[in-house]
Amino acid sequence: MRRWLRRARDLRVTLWTLIVPPTTWAAHFLFSYLWAAISCAKLGAWARFPTAFAIGTVAALLVIVIAGLIAWHQARTPGAPAPHDEGTEVDRLRFLAYSTLLLSGLSFIAVVFTAAPVIILSDCR
Amino acid sequence: MSLHAQDDPQLRKDQEARLRAVWKPPSGWFFRWTDVNNNRIGVWYTLTAFGFMLFAGVLALIMRTQLAVPDNDLVSANTFNQLFTLHGSMMMFLFAVPMFEAVSIILLPQLLGARDLPFPRLSAFGYWSFLLGGVFVGGSIFFNAAPDGGWFMYPPLTTRTDLSGIGADIWMLGLSFIEVSSVAAAVELIVGVLKCRPPGMRLNLMPLYAWYILVVAVMILFAFPPLIAGDLLFEMERLLGWPFFDASKGGDPLLWQHLFWIFGHPEVYIVFLPSIALFAMLIPTFAQRHLLGYPWIVLAAVGTAFLSFGLWVHHMFTTGLPKISLAFFSAASEAVAIPTGVQIFAFIATLWAGKVKWSVPLLYASGSLAIFVIGGLTGVMVAIAPFDWQAHDTYFIVAHLHYVLIGGTLLPLFGGLYYYWPLITGKTLSDRLGRIAFWIMFVGVNLTFFPMHLSGLEGMPRRVFTYPADLNIGWLNLASTLGSYLFASGVLVLVIDLMLSPTRKKAPRNPWNAGTLEWLAHPDDEDWGIRSVPLIESRYPIWDQKDFVAKVDEGRFFLPDAEEGRRETIITSVLDAKPVSVIRLGTPSVKPMMTAVALGAVFILTTYHLYLLAAFGGVATLGCVLWWLWDTAAIPEKHEKPIGHGIDLPLYIAGPAAPGWWAMFITMMADATAFSGLVFGYYFYWTIHPNFGADFAGPGTYWPMVALLLSLASWVATVAAREVHSRGAVSPARALLVVGALAAIASLGAGLRSLDGLDPQANVYPAIVWVLVIWTVIHAAIGAIMQSYTVARSLAGRMTPAYDADLRNITVYQHFFALTALIAYLTAGLFPEAGL
Ligand code: HEM
Ligand SMILES: [Cu+2]
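These protein sequence lines map, in sequence, to chains B and D.
Quick note, the first sequence lines up with residues 657 to 781 if you use the working numbering.
Quick note, the second sequence lines up with residues 46 to 881 if you use the working numbering.
This is chain D alone, in the form it adopts within the complex (with noise of 0.2 angstroms):
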């Protein structure tokens, strides 16, 4: 054997010793929170969303208990409202979605055999937001204030600010918020999928868990967006009088039921395919083999993702809309079933195949697939349309959909617990408490939901909190009562099983003798995440390559130091994970908290029509924003480093192959589908009102096309700076910028001067030319903050032609915005003109 630097265990012990240091937490009552490494930010996310869930959990058993008789009085109408509208909001905001994404911040560093995901900070907004806005939306029923329009809020008895109080503003506002952090996270996870990988773990090497992450991540992408375009046409109409969704001037409520499901069925694979990929991960470890049919996998998570969009018309199959339409969304409610099932049956042969240890993660694995197939046999039957006719909106309803929520997101999640707990915790929980645990929650739920089928085709509407006597469904609401006591006293043998945890002793390393990377783990953890980032050769490498663990915990793979200290991790090519760079991710600081507690503050004063406090939190959230953005990019002090092995690698990188370029890239995807949802809203308008366009004035030709013209000045400003700044002419690249930012702000001007003389306030088409417009206009403002951004990085030095990344991270924003002005001035100026 050859002598290898790392043969020399004082070297080691030196270079742990300053990974450590480098790693070390903040520490100190209030810098301990200032932390930002994604394994402590993820067990917060987490134990917060668990939290959530079991206080949703309680309101479910009060309105329960409430149902468990007839003609009860235990709770008011009013509060019942307010009880099922939290509780689902809860389970859905606060717990299915933030869980996934606290799961995954946990697991994907690890998997992945990375340092940490790229942008570490941002994690840590995403997780104060989410506390944030979480206490603030739950909180508000102790002050009987919690929304009381159902999880769908449908207008207009919620825009009718005489109908319902300021509850329906805590749950737009909130909940916004909350989807802002949840898309701050879909952009941490895409990158860290695709950019932080292992040299070597090629796409067809990934774990499926990696695959569905970034598949549900991009749906996070698409599906939060128009639902903020429809929180943002909502708080319009209950703030401004703007009437959207009020019928009388020309508005629709069926707009807004459209925004909402488009986001709201994807939502349901949202929560359901990340509790699907646990499963590819503890079911091969528990069947001792590779999973059968990879591809099909991948086939079936693209696949479901895709289909999902093409499903959001079946919640509303009873309002009216063509039945040819209907019936497209019928058929691809049908066709969803295949790559569903092709999961399930891709589980099943690893299964057979295997030489299956019957554990309690696996347990948990087949007793909640077990529901979930029955929740989807009534997801056939409801997709039916005439089906759906007769069982609308009533407990067979609500049994269908916790078959799929519970047997999909909640048990999965728990057998996630179980195999799990070891990696994060380094303790076992009890099999025999787990078992017990199991069986009273499978028992319950079925005892729970399977009644609710029958009182729903008896005739009992959802929704409802009391029922009269003689509807002969007593006996069957009691024996729901029953099971959801049942269940809950199952997840309170689970939680004292967490609780004991502590006095247990430790567990082996690798306690199921899995094959995947996160399982390198130690039961005493150190803070770096992975001691060497390995090199990757297979889908199960700790099965498959020699001496694996041993190599890594030695330091003789990548990056097994930090020479300068400070934190890194290893950027790798998107299709065959060829590293490509080195790059210093963020350490602890205040900025990702006040952040968010700067944009919490617009949101939550806005709520209480505290404009002009929450104008300055506004301008706070702008501040801590360039503040935070300041240091990132920063020039390093050398120009290459090696990572062992004779590989250098440079420790900056500009365009296509960086982590910054794709999240601006990202981030506006999910822009450009919030913007196509008020499009939508317009064209929708137009469809459906015969007179649209006609009866009032519009912003004319003239000034919409002075902003077009101006906006693509801007635009061409900034692609020609990045063109000579790349040369080399640093002036001409400035002066190029702030031309750019002058044609910004004057498309600003004469945008808002095509406004004049329209009333939002008189009729829909006003309303939505001014929203258009307004959007447009303030991606203009922000296009010029980021180009004067830019001019100011250029003269501190912090920009160069050979470390440009600001010049062309802007540049993505403003081809975006091009579109942008693109769409909305036509669409503005031109249509109604057009003489359709």
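Looking at chain B on its own, in the form it has when it is part of the complex (with noise of 0.2 angstroms):
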């Protein structure tokens, strides 16, 4: 874990990383909704369990907590003291990675909002 980890420090950051865990949370939240779509409306209903529907949303949030995970560990790359906002190449890889990992957390409490309803409602009507 740790190995891997510190390999992940060396992923090239871009601009593009930033929008992974957002653009899972879109994935998911578009999946869930056809498919609540879909199986209402031609199977009338879903069957007891949704496993669809929980592979889905278990794999999002395993993404997104990957996403965080290796964003964590990017912005605690060592380098000049706070507050991080110099113009340097750690500054930014720092910055990038926090903001990541800032929008990990926000997709994640979002893709779980997005799951409750499964959960507490549970037919189409």
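These aren't lab readings, by the way, just hints derived from the structure by calculation.
Glycine included, C-beta positions come from ideal geometry on N, C-alpha and C.
Just to be clear, a hint being listed does not mean it is correct.
Said to hold, decoys possible - Think about it this way: if two alpha-carbon atoms lie no more than 25 angstroms apart in a straight line, the pair counts; the simulated DSS-like pairs of lysine-lysine are: (1) B:K698 to D:K368; (2) D:K294 to B:K698; (3) D:K58 to D:K596; (4) D:K69 to D:K472; (5) D:K551 to D:K402; (6) D:K472 to D:K551.
To be verified - Reference excerpt, derived from the structure (chain D facing chain B, CB under 7 angstroms, subset only): (7) G245; (8) R247; (9) L248; (10) L250; (11) G338; (12) H359; (13) A376; (14) A533; (15) E608; (16) T732; (17) H734.
Build the complex from these two chains, which are given one at a time in their own frames, with help from the hints.
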């Protein structure tokens, strides 16, 4: 685990990595909506335990957690002292990583929010 | 101190003279309007949007006068319908969105220390489209021809030509035209933020305004195209009778609601985030300290942008969708409160930590935040479905939406106006009049809209032109009307203040003592944008970097000269703003204006069913675009040029480092999003109609597959052409491009062939197949034009293996085209056959 994380530090951070967590939320949201719309329209209901939905949710949360872990590690790359707002390579890396970490948090909450109704409501009406 | 060339005052004078000459605006009663400098276009843009806002405001006053007392008959029901439709549509499409683009077009070049954004001609094109389309839509009310279906234009009442007049076409076509210009501006802004930052301005040093604008421009890219797709279906139904929203022929009016609100909800944030961005600039200035929580703000902007795309169905809670779907959207609606709250807390914390100067802009900022928060709270209420079932389409909603829009868009813009007026005109506005105007408006807004919560709960539906006296809401409405006049008089005070401004004396430079780059602007502005492009080392360079202003002014940073007599700016890398190239910018030209007029003709003539003339307009547009493109990406007279400090930069770049490549990529993202709107329509019909695709003949499998293979061949030929061309094999590359163009044309034929025997008026299934195929076929035609154009460029010596931007850009197009063809033809040819 440690070693994997250390390796994560060398991953190239770009503007695209920043949007991985919220994109995962978006994909999960779209998936949930389509899954509900199609199963309600075509089957009229979903099976007792919505397996596809559960798998999708766990997968989304997993991606978000991994993105967050990597970002968390990258955000702690050693370098100049706080407040980390210099124009250096490290500070730019830390900024992107920290923002990604925050976005992971938000996306995690949002995915949980989306999943909650399925547990609470249990039919299409 | 070392002796530096820039120490020589004569040299500096000469440089300034050269810059002044290059950036001289065109003169003459007509030619001054061919200017393409974003500084100037931005000002025209802002004034025009402001004018539309005042116009739409007058419409609101007429409505409020009508509603002042029960059973009033000042205007007829018909006129009232036109009034609220035009008021809402103009405020959203002709004021709020264009205003943010206009302001950004002025501010961004200065904030980014660029001479100008990369595509000044594109901005000019956007402006002229906006003006034309806006006058067309807004003017319709004088001919009793304004749209009257409400700003969301729900079918089927609006698609039935016997129930709605030409107004619906004016709305669809006029506003589609304006959406084109909004997307154009978005492309300019995105590429500007990503590629035109000054050296050293890494992503973590970027002014927050630029972050917000980047985010919002990307949102436009994903929000507007679904609406354009919807507009397309809508007009197909109105003009050709293809039954997309006609339930009797398998269509469904709900599809319009989906496409509209996939646009409509993000739209609310598209108009709100730029105002927050203005706060992010002015709050640090008046707190005299750095904004706290920079990454938190970026989180909030990006997070809001994403979540806002998951909210559209909360406008459709009462349409009978499955409750489980409603719950997803309700959850997302509650989640979006988190990032919104984060931004507001970052501002409050900054003010708390600083020593605050209570100036007029800050007054507007805090006042509007207070109003916005009230609107946000009622928003959380209506995001809960059961409450919404009670309040839906009552005046409660009108109250909520105006609290949000006035607190979140209008008043912040006024705050920004007071803040940035000295930057743009060199004069300050009156402190006293500003405060008076603010308090009048603040009281006016609350007096107008607070009673509406109550009248809504009492049962007053929105969009009614009058109400009976025994509903007992007369006094609430009277209060609202008085409030609206009060608000209008506040706006009047502000306008008077603006009018008096020319008589006032010059403001000092950087009058608020701000720390960000845009305040380098001098009261006697020059057209060159910035004297020399600075090296950035911190977020507030004017505060933090020693002698910063003097060094910029003395041309001690980069690109202080225009030796070759060309307009130029520096292009840098996306992440770290390392300088990569110098590009030549467009100079004044009639082409943008002519293109806008030609394109406008297409939309406007179609409204009046003058199809032949509209087709001429289309050909003229194509001609203008090609003529315009012909002198872009020109091969420079030399390879590199020095920008000072011993750095030499190339004068030509191609591929992902080049702004042109990004522009193509971004435009194609918008295009692909519009296409997904159409595909969404196809599968939407499939989910809700058990017999979709079964009762009517489809295109079969054969011809769609042929068309698909030919389209892919065109794509492969282009990619191969790019590869061999870059290895120096010019003739084979040309041959491959010709093959590609021929394959594209053949795919066009095969695509059309597959539609044989399908009657799009009979049912929604053949109609949507027609739309998917036509869309793809048109893209094949455009692809063939691009391939031929590239061959012509090569033959004319305007493209060589070392200078191959054209070829690289059309390859980007081809990637997207291949994807489109794949999805369209597989859907049309295989999907219903697969027995689903
Ligand atoms: C003092 C200023 C304003 C007043 C008095 C006002 C008044 C009104 C009134 C009376 C309606 C019609 C409600 C109905 O009958 O259903 C309305 C609708 C609307 N307003 Fe405003 N408004 C103002 C400012 C704004 C602003 C600044 C915006 C947006 C930036 C805006 C956007 C809208 C929209 C989108 C609608 C919905 C139109 C529709 O139902 O189709 N308004 N407003
Ligand atoms: Cu909404």
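Hint by hint, where does the structure go against what was stated? Just the numbers, ascending. When the structure is compared with the hints, numbers 11, 12, 14, 15, 17 turn out to be violated.
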